[in-house]
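K.L.:
The primary structure of each chain is shown beneath.
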Amino acid sequence: MSTTRRRFIGFAGASAAVAAFGGCASLSTHPPAGGRVVVIGGGYGGASAATRLRQLAPQIEVVLIEREPAFVSCALSNRILAGTMAIDELTVGYGGLAANGVRVVRGEVTAIDADARAVRLAGGSVLRYDRLIVAAGIDFMYETIPSMAADPGQAMQVVPHAWKAGAQTLLLRRQLEAMPDGGVFAIHIPPTPYRCPPAPYERVSQVAWYLRNNKPKSKIVVLDSNDAIVAKAGLFTAAWKKWYPGMIDYRPKSLLVDVDLRTLTAITEFEKVRADVLNVLPPMRAGRIAAQAGLVTTNARWCDVNYLTLESVKVKNVHVLGDSTFAAPGMAKSGHMANQHAKVCASAIADLMQDRMPFASPMMINTCYSFITDREAVRVSHVHRYDADKRTMMLIPGGVGLSAEPTALEGTYAVRWAQNIFASMLG
Amino acid sequence: MQRTNRRGGPFQQALAANALVLAVATTGVHAQDMNTARHLAQTCTNCHGTNGLSVGGMPSIAGQDREYLARQMRDFRDGKRPATVMHQLAKGFTDPEIDALAAWFAAQKSPARR
Chain Z
1282 MSTTRRRFIG FAGASAAVAA FGGCASLSTH PPAGGRVVVI GGGYGGASAA
1332 TRLRQLAPQI EVVLIEREPA FVSCALSNRI LAGTMAIDEL TVGYGGLAAN
1382 GVRVVRGEVT AIDADARAVR LAGGSVLRYD RLIVAAGIDF MYETIPSMAA
1432 DPGQAMQVVP HAWKAGAQTL LLRRQLEAMP DGGVFAIHIP PTPYRCPPAP
1482 YERVSQVAWY LRNNKPKSKI VVLDSNDAIV AKAGLFTAAW KKWYPGMIDY
1532 RPKSLLVDVD LRTLTAITEF EKVRADVLNV LPPMRAGRIA AQAGLVTTNA
1582 RWCDVNYLTL ESVKVKNVHV LGDSTFAAPG MAKSGHMANQ HAKVCASAIA
1632 DLMQDRMPFA SPMMINTCYS FITDREAVRV SHVHRYDADK RTMMLIPGGV
1682 GLSAEPTALE GTYAVRWAQN IFASMLG
Chain B
433 MQRTNRRGGP FQQALAANAL VLAVATTGVH AQDMNTARHL AQTCTNCHGT
483 NGLSVGGMPS IAGQDREYLA RQMRDFRDGK RPATVMHQLA KGFTDPEIDA
533 LAAWFAAQKS PARR
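Going down the list, the sequences are from chains Z and B. Position 286 of the first sequence, counted from 1, bears residue number 1567 in this note's numbering, the numbering being contiguous throughout. Position 11 of the second sequence, counted from 1, bears residue number 443 in this note's numbering, the numbering being contiguous throughout.
Hints should not be assumed to be uniformly reliable.
[Said to hold, decoys possible] If you want a taste of the chain B side facing chain Z, the calculated C-beta under 10 Å gives, among others: (1) M466; (2) C479; (3) V517.
If you are wondering where the hints come from, they were derived from the structure by calculation, not from laboratory data. Note that this is a predicted model, so its numbers are computed, not measured. Built from N, CA and C at the ideal position, the CB exists for glycine as well.
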């Protein structure tokens, strides 16, 4: 028995029960007879998994732990920057999850003890689980940007990432509103893999939409660490030429080495770019709790999983979903994909906890819409199928689909996609 | 209860009510295929709604006629019905999977007319 475990068990004996959000009843430290699954994170992955588990195996107690009061969708949040969507439209409370029988706990997990099958929350409460789902999203590697490393929380108030929707998105919007006409918006795109491959280019398009209509003398400088546009390249290139001619200056192979927070200057290996609004997406890795729990397997950043169950290859009874995973070949880190991970995972857990074999040939589908203007959008889709020989999810032949061109119809579908996925995962 | 889908009628209502039993009986889709379909249907439901019941905007496929659903999927796949995305996604499924998915969604509770 490890030291951690002993300490944990000691703590468990002393800990008070956990109060569930919106409910009167509290949670005991030990799982009920039907078993307990604890879900860390209430984003696309975690909320989807919790909901699906309740549908498939209502006898299992599902506890979802989330530090934020409500879900705010990253998908579509670039439209807030364009001024064509309000954050309220992308915000969904956790009341629907609770109504579906998920025990929602507002809080933060500070430690996972996989030997004892227990999590500890800030405040000291301990919850034991039969299986744990870690859907912790991404963490930003601010240590790679020296001037932001010491106090990222403060630095991101000056140079926002706006890559987790919420206050950061609104901050970037306010900065754009305050920018003078003729100013420069600069954005840095980190090396792949990062959350939502096409989204930085959608952001460029949406900021361009706002500037073209409000501050037409302004410029956008795109500092992309990658060799070329990472996703939907032809579609974005053509769209920028058509709708925003002369406004967007795209510079590939522009790896950020530092920023000057005082002058809002991005410093790459080759040049310094001064901006009026500077938006830096730092390199990304699995959410912090995943690293603390020893789930990281690959490049010190990502968590490899068995794609039949999404169980960690490293830590038994712990499943990892969504952006934290070491992606299968050609698999995007997207909200839609996190939802697909969640459904395969929930199905497998429902089977495993009832001593059945998990389904042996799952599929996962991804669709990802990007707005070009206020109405027109483009889309990429992926179809993956489990390959028993390669023991991972593989794109089927011809499994990548793209829009032919931006259309308002796909813009409409993008919004409907959101309405339906919100309802299916959050009730 | 009246139904909103275009193939609504007494037969479909009975099919929905008797769900899996009728679906299996009328199609020859076996229980194992229905289990496969239940898993594969999870790739459809983030856009088409839980169990195929859309909250709006996307077509509800729950309780639709089995043959109609299967034919649409094949028409998407073969390029006979234009689409924004379904012509690409439909290529991911085999004929038996399309039949099983169609039977599974046909057996789900259909939307009621408001």
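K.L.:
So which of the earlier hints does this model not fit?
P.N.:
1
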